[in-house]
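In case you want the letters, here they are:
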Amino acid sequence: MKRQFVQFNTSRGQNNISPSGEHTAEEASAQAREAAPLPEPYASGQKKTGLLSNYASSSQQETPHSIQQAEPPAASWAIRDDEPPAASWAIRDDAPPAASWAYVDEQQTSITPELPAERFTDPFMRRDEAEDFLAKRVSPHESAIEHSPFTQNRGGGPGPMQRPQQPPPRPANYVQAPPPAQQRPPVQPMRPPAQGWATQQPVSSAPFQRPGPMQGPVQGPPRRYNGPPQTGYMGNPAPAGWQQQRISMVLSNSAAPGYVNGPPPSMYSAKEGKAARKKKRFPVWFTAIAAVLVAGIVVGGYFASPYINIVSSSTGQTATHFDTTTGKNKGSAAQTTNNGPILSKRTNILLLGSDTDTKTEFEGAYLAQTDIVVTIDPATKYVGMLSIPRDLQVNIPGNGTGKLDAAFSFGYQSKKTNNPYADGAGLAIATIEENFGIPIDAYAWVGLDGFIKVINTAGGVDVDVTHPMIDDTYPNDINAATGQKVSTQNAYGLKRLYIAPGPQHLNGVEALEYVRTRHSDLVGDFGRSVRQQQVLDQLKVKLEQPDIIAQLPQLANDLNGYVKTSMSLTDLASLGNFARTINTGSIDRLVLGPPYSEPMKSNTNFAPVCDKIIPAIQKMFSLDANTATCIPQTSANTAGVASMPSGTETNQNSTMTSTRTAEASAQAMTQLARTNMMSMGNSHSDPLGVQSLLDLMFMVVLESLDAMTIN
Amino acid sequence: MKRYSRRETLILLPLVAVSVQGCLGIGGNTDNNTGNFKTKATVGGKEVGVSEAAPFKGKIYLTLGRNLFVLNDQLQLNQLTKGMDVRDPAISPDGKQIAFVQRFTDYADLLVMPTSGGKPQRLISGNGQYFPPVAQGAPPNTSYYWFGQPAWRDNKTLAFVSDFNKLNTPAGLGIDAFVLDPQVWQISLDNLQANPQLVATAHYGDGGDRDPAFRPGQTNQIIYTHYKYDDKTSTHQIIQIELEDADAIVNSPSGTYRSGADELNPAVDLTPAVNDLANMTPTWSPQGDYIAYIRRLSSTSMGLYIMPLPTTDVTKNPNDAATQQLALQPYNKSVQILTSEFVSQPVWSPDGTQIAYYTYNENYFDLWLVSVTKDAKTGQYKMKGKPQQLTHALGNLDADSRPFWTP
Chain A
1 MKRQFVQFNT SRGQNNISPS GEHTAEEASA QAREAAPLPE PYASGQKKTG LLSNYASSSQ
61 QETPHSIQQA EPPAASWAIR DDEPPAASWA IRDDAPPAAS WAYVDEQQTS ITPELPAERF
121 TDPFMRRDEA EDFLAKRVSP HESAIEHSPF TQNRGGGPGP MQRPQQPPPR PANYVQAPPP
181 AQQRPPVQPM RPPAQGWATQ QPVSSAPFQR PGPMQGPVQG PPRRYNGPPQ TGYMGNPAPA
241 GWQQQRISMV LSNSAAPGYV NGPPPSMYSA KEGKAARKKK RFPVWFTAIA AVLVAGIVVG
301 GYFASPYINI VSSSTGQTAT HFDTTTGKNK GSAAQTTNNG PILSKRTNIL LLGSDTDTKT
361 EFEGAYLAQT DIVVTIDPAT KYVGMLSIPR DLQVNIPGNG TGKLDAAFSF GYQSKKTNNP
421 YADGAGLAIA TIEENFGIPI DAYAWVGLDG FIKVINTAGG VDVDVTHPMI DDTYPNDINA
481 ATGQKVSTQN AYGLKRLYIA PGPQHLNGVE ALEYVRTRHS DLVGDFGRSV RQQQVLDQLK
541 VKLEQPDIIA QLPQLANDLN GYVKTSMSLT DLASLGNFAR TINTGSIDRL VLGPPYSEPM
601 KSNTNFAPVC DKIIPAIQKM FSLDANTATC IPQTSANTAG VASMPSGTET NQNSTMTSTR
661 TAEASAQAMT QLARTNMMSM GNSHSDPLGV QSLLDLMFMV VLESLDAMTI N
Chain Y
1001 MKRYSRRETL ILLPLVAVSV QGCLGIGGNT DNNTGNFKTK ATVGGKEVGV SEAAPFKGKI
1061 YLTLGRNLFV LNDQLQLNQL TKGMDVRDPA ISPDGKQIAF VQRFTDYADL LVMPTSGGKP
1121 QRLISGNGQY FPPVAQGAPP NTSYYWFGQP AWRDNKTLAF VSDFNKLNTP AGLGIDAFVL
1181 DPQVWQISLD NLQANPQLVA TAHYGDGGDR DPAFRPGQTN QIIYTHYKYD DKTSTHQIIQ
1241 IELEDADAIV NSPSGTYRSG ADELNPAVDL TPAVNDLANM TPTWSPQGDY IAYIRRLSST
1301 SMGLYIMPLP TTDVTKNPND AATQQLALQP YNKSVQILTS EFVSQPVWSP DGTQIAYYTY
1361 NENYFDLWLV SVTKDAKTGQ YKMKGKPQQL THALGNLDAD SRPFWTP
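Chains A and Y, in that order, are what the protein sequence lines are. Our numbering applies: residue 1 is where the first sequence begins, and numbers increase by one. Our numbering applies: residue 1001 is where the second sequence begins, and numbers increase by one.
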């Protein structure tokens, strides 16, 4: 309610009318607090005895206008006649009177003039604010106090609470309570208690205990009650000699012990007092927000529960231990365990990606087509990514030699534990450590089908297809119309692709085809990684749309079974946060394609060129000379290197399969490179695939944490 | 500390809610009947709106949800096909026939139908089969073919891109693979039994040719986009616009022009062969003296450009260095009309005053119009006014299917 104060009978006439001529009570109070900084002695906690005069003088000198505008002297301000007297009592609808009264109430309880420790019953009013408020309420009346009949009668000095009080309509059972001013602490040091008041304790028999202003021992004389000089008590016309009549009224009430005539009228009824105190402790808006938060937590928990399990089953996974059999780390534990927070130290994370299509599933194992080791130094924010081609021939502990992508598959099928993913990851980790001496702290495995499900849920992606994509031997293991896998009988079926160039929308299946085809450009996996990066970037954009929040459960479900990582949610969150702080352009990338590896004559494998690999990984992983290693495979110029056992390789060659001929000449060197890349389709580096998989893992994190999804 | 009353709180809370909603972008406009857009059709359960504030003259053919539609200047949007997976409509010069492509899982067919509607006629089908591998470990071959992007040379001759005859097109020396990359072919509607005639060759391995279009008034010349990798490293993509005598191959002795890795190109380059430079999707001005085209500026930015054509015939001796230099000179006079994240499939209006193109706005592809005007002194085009969004298709527009504009 907005109130309009009208000045009359002011003792400080020149500044009593606000510039606008209209103030809300809270505006006045707030302005007063803001405009009138406390004088130093007050702020330093001096007793109020000296503060009143200090404050009065300082406020007049420093910010008289603000103070008087904001907090008109009680004696000189009144509510317009058309305003309800009771309601007009409050300087602010809810705060000032209540705060001040509540303060008095607490002082009554403790029977001490000291202010409350931290706050008044108004939970958001500081001690100094309350003091300020009280002081400002008091100080303007000093001149009036000296001349009031009450103070003259009591022989006291200037009283602290001089504001005229107009109680609200009384309830039917109203019984007069002690006047609030009687409990006002500042009075005590300023003015000795009136004789007899100190021993008159109306508290125990006071009819209302709860209304703060109305209870408690009386430490001083009753508050001087000036009343509304013009409108009179309760809005009645003020009779002549009203002040004397009021005093008589108080003294004539015998209902309240300790008072000659019972306590003075209360500003609030008991019921109102309860409500007021509750309201002051928990404002409506505060309660509303708290209720909304609680409701949000409950509802959120209900809806989150189905996929929290999915996320938890994807994270915190273990890796089975496989002994290394050769190399400098022979016998060392090559498994990930709980090593504490992921980025508390230098961390190496193995990222594994598998095409979880029908044929690998049918065969009972997944190949890890993507093998990347990410090394992160949180102290220096160094990030290195080592991409190891899937075709690199390596020693697989317990399985002889073979392509790197088979390590996960062998482990998956090993049945060493009842967790094939842990077995697969464990053997892949052991293989990396044995062949390169790189310790692995954590791993993340991602199935591509989960990736496409996420794309579908996100509503597809919009990409600029960089050139026409033609593939006559694309695996026909997913029904383009339904997005479902075809029957296993057709798992090795083929289909043709022709994706037009240029910007366009791709649904999940089309996006999968776009990133998956290996036979559509000369640069082989490099081009494939570029495409993957395009789709991931666009997918990220899609996942940042606000309406994706509604899709979170489905997105989590899409990832079910397609993401396995040893990292915890906390680790993933840390990783995601860290990823956002680094410049991706500064990531140190190393691909163990040529010249770090060479094609082998006898098969489609690549042999590592150890002379180049060792110093490179020493530098990237900060390994000492005794740690970094590289196991030479049979020379690239010789045949006979064992390759992966038959039946586990699912290489689908393109129609562009080439055979190098004896006619290969200098001119054919370029062609040679082309044919290698085209025919093998999977031989070259995947540097951007590294980034893609990192992004993929990041997306997994987004799906796990709502807040990160909308970041 | 300032405290607020209940009343102020009640006022503030809705304001905060509205602000949060605005910041999060919740409640975006998905209504086609707001602003200048009026719903003209429903495709796939989604409304397709057309703007009343983007006037144009003639008819624009395009595909929405793989269905063929025609939008006239009265803002009527009429559906011509249904459930056929149609792409790339092209109207014959006499305006009586629509050629378009129908896609299937492994192949595509080329069809024509009257512009007034009626039953489509299948001109050529790409249906085929897979052949078993000729040797163990070798991949299977297939007689399936793709057809795409028909372009009328005259009312009886239709060009298109296709991997037709791929099994007889070796990739090159030392490579026993075939050229899968689509090349430009043409057929005569008067003799559909005859084999298609090769018009433009493809470079092995990067997608071949796209966007064929015959020059207005000089239909013996054809322009197209040519995709290839650099010869030195085969890692840098080079996408060029090329101009060619449409009869160069048929009039040359056998073997003069070859497809594949050692391609001998019958065309001249209108844009330079610079690593990672992409100039593509040319469209003729009505007079055939300019082309509008798209240049890829970065991974997230594309531009619409206009450049003049050489004033002399540069198609007769394409492998002559001096001729090639002459053909490249107008490229330096290219003027950027506009830029956006995605800009594609430009098509010049028959009256030459507007260019329609696809671009990306609010996560959807839509058809936009930009007015252009030519400076009489410099001969350079520039944008007039601001681009106007013509459709509000809510994801129904097939951005990979080029539109066609007729009077």
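If you're looking for bench data, these hints aren't it; they were derived computationally from the structure. Please read all numbers here as calculations on a predicted model, not as lab measurements. Beta carbons are placed, not taken as given, at the ideal position from N, Cα and C, and that holds for glycine. Check each hint, because a few of them may be wrong.
Claimed, not checked - Pulled from the structure, derived: some chain A residues nowhere near chain Y, Cβ distances all over 12 Å:
hint : residue
1    : I297
2    : S344
3    : K381
4    : R496
5    : G527
6    : K542
7    : D611
8    : P615
9    : M620
10   : D624
To be verified - Some but not every residue of chain A turned toward chain Y, in silico, with C-beta under 7 Å:
hint : residue
11   : A290
12   : A291
13   : P503
14   : N507
Comparing the hints with the structure gives:
At roughly 18 Å from the closest C-beta of chain Y, the C-beta of I297 of chain A stays outside 12 Å, upholding its exclusion from the interface. Here S344 of chain A stays apart from chain Y, with its beta-carbon at least about 34 Å from theirs, past the 12 Å limit. With a cut of 12 Å on Cβ distances, K381 of chain A stays outside the contact zone with chain Y, its closest approach being about 25 Å. A beta-carbon of chain Y is positioned within 12 Å of the beta-carbon of R496 of chain A; the least distance is around 4 Å.
Here G527 of chain A does not stay apart from chain Y, with its beta-carbon only about 9 Å from theirs, under the 12 Å limit. Not every CB of chain Y is more than 12 Å from the CB of K542 of chain A (nearest about 8 Å), against its label as outside the interface. Interface exclusion of D611 of chain A from chain Y stands, the closest Cβ pair being 24 Å apart, more than 12 Å. With 12 Å as the threshold on Cβ separation, the claim that P615 of chain A sits away from chain Y holds: the shortest Cβ distance comes to roughly 25 Å.
No beta-carbon of chain Y comes within 12 Å of the beta-carbon of M620 of chain A; the shortest separation is about 23 Å. Even its closest Cβ contact with chain Y, about 35 Å, leaves D624 of chain A beyond 12 Å, as expected for a residue assigned away from the interface. A hinted interface residue such as A290 of chain A counts as satisfied when its beta carbon comes closer than 7 Å to some beta carbon of chain Y; here the least separation is about 14 Å, so the hint is violated. For the restraint placing A291 of chain A at the interface with chain Y, the shortest Cβ-Cβ distance is roughly 13 Å, beyond the 7 Å limit, so the hint is violated.
For P503 of chain A, the interface hint holds, the least distance from its beta-carbon to any beta-carbon of chain Y being 4 Å, beneath 7 Å. At its closest, the beta carbon of N507 of chain A sits 11 Å from a beta carbon of chain Y; the interface hint therefore is violated under the 7 Å criterion.
Checked against the numbered hints above, the structure breaks hints 4, 5, 6, 11, 12 and 14 and satisfies the rest.
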